[in-house]
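**Q** Listed below are the residues making up each chain.
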Amino acid sequence: MSDYSVSKTLDYKGLKCPMPIVKISQEMPKLKVGDVVEVLTTDPGSLSDFPAWAKSSGNEVLETKQETGLIRIFVRRKK
Amino acid sequence: MALDVEKEIEAIKAQLEERPGAKKKLSMIVFSGDLDKHIASMIIATGAAAMGMEVVLFYTFWGTAALRDPAKKVGGKNLIEKMFGVMLPRGRDKTKLSNMHMAGMGTAMIKAIMKKKNVASLGEMFEIAAQLGVKIVICEMSMDLMGLKREEMIDYPNMSVGGVATFLAEAAESSVQLFL
Chain A
71 MSDYSVSKTL DYKGLKCPMP IVKISQEMPK LKVGDVVEVL TTDPGSLSDF
121 PAWAKSSGNE VLETKQETGL IRIFVRRKK
Chain B
501 MALDVEKEIE AIKAQLEERP GAKKKLSMIV FSGDLDKHIA SMIIATGAAA
551 MGMEVVLFYT FWGTAALRDP AKKVGGKNLI EKMFGVMLPR GRDKTKLSNM
601 HMAGMGTAMI KAIMKKKNVA SLGEMFEIAA QLGVKIVICE MSMDLMGLKR
651 EEMIDYPNMS VGGVATFLAE AAESSVQLFL
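Order-wise, the sequence lines are chains A and B. Using the working numbering, you'd call the opening residue of the first sequence number 71 and step up by one each time. Using the working numbering, you'd call the opening residue of the second sequence number 501 and step up by one each time.
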């Protein structure tokens with residue numbers, strides 16, 4: 071089970087590449103280190119883009135949940 | 501003996517830090533004047549900036565016309581420069597698809613599809629790039645050849661004019677270099 075609490079949910083539904091990672095990168099400085107946000111997206115590219123973005127920017131994707139027509143990605147600010 | 505090993509490690513560390521391409525940075529040449537390639541360059545540039553990379557776009561040859569501001573007019577051009585001015589696209593919104601332009605139909609169609617599918621327009625992507633600190637360098641010689649003046653270019657916060665050495669200096673320290 072998840073051992074973190076979500077501090078904020080970000081609605082990125084309908085946004086296309088590269089906007090989801092642009093938005094999340096702009097959101098990071100607003101969070102405290104350790105904070106977890108939930109991202110809602112409809113862009114299937116986000117499934118591989120968020121882990122790639124996290125690796126490059128030094129953050130962490132904790133979990134990815136796929137539902138019909140919706141993807142939930144849980145991201146932790148690490149630095 | 502132990503001291504020597506430590507010294508050696510320090511020397512290697514110093515070399516690693518100075519090696520070319522060590523920086524998390526993207527240097528891209530935007531050579532093409534086609535709409536599709538401008539879209540690609542902007543998506544890659546904004547994506548890279550979002551990933552925490554420093555980004556420099558070097559606009560040269562046909563690429564430079566996309567930086568023209570259609571609202572700005574400058575005088576003092578000779579006949580050939582005026583002709584180039586008329587024939588080159590007046591800004592990014594006048595660029596065409598490299599394929600399937602079909603006298604404007606294809607280009608209009610792709611713009612309509614992009615809007616429908618909520619893909620950011622070229623104009624919006626330039627705004628995002630500016631927000632993310634993407635740097636633009638315009639090739640001085642290209643502007644000169646085509647009779648384009650600095651004063652007719654768009655207002656962009658991080659834009660300068662430079663030559664080949666400017667690009668190469670940026671590229672040499674970049675981990676990613678692209679030519680579009």
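In case anyone wonders, no lab produced these hints; they're calculated from the structure. Here the structure is a predicted model, which means the values were calculated and not measured. Some clues are possibly wrong.
[To be verified] Straight line, CA to CA, 25 angstroms or less: simulated DSS-like cross-link-like pairs of lysine-lysine:
id, chain 1, residue 1, chain 2, residue 2
1, A, LYS86, B, LYS507
2, B, LYS617, B, LYS594
3, B, LYS573, A, LYS86
[Claimed, not checked] Over 10 angstroms on every C-beta distance to chain B, these chain A residues come out as not near it, computed from the model:
id, residue
4, LEU85
5, LYS86
6, ILE91
7, VAL92
8, PHE144
[Said to hold, decoys possible] A few chain A residues facing chain B, derived, Cβ under 7 angstroms:
id, residue
9, TYR74
10, SER77
11, PRO88
12, PRO99
13, SER126
14, ASN129
Where a beta carbon is used, it is the ideal one built from N, C-alpha and C, also for glycine.
**Q** Each hint needs a verdict: does it hold in this structure or not?
**A** Results for each hint:
no.	hint	verdict
1	A:LYS86 <-> B:LYS507	51 angstroms, violated
2	B:LYS617 <-> B:LYS594	21 angstroms, holds
3	B:LYS573 <-> A:LYS86	35 angstroms, violated
4	LEU85	7 angstroms, violated
5	LYS86	5 angstroms, violated
6	ILE91	5 angstroms, violated
7	VAL92	5 angstroms, violated
8	PHE144	18 angstroms, holds
9	TYR74	23 angstroms, violated
10	SER77	21 angstroms, violated
11	PRO88	4 angstroms, holds
12	PRO99	11 angstroms, violated
13	SER126	4 angstroms, holds
14	ASN129	9 angstroms, violated
Checked against the numbered hints above, the structure violates hints 1, 3, 4, 5, 6, 7, 9, 10, 12, 14; every other hint is satisfied.
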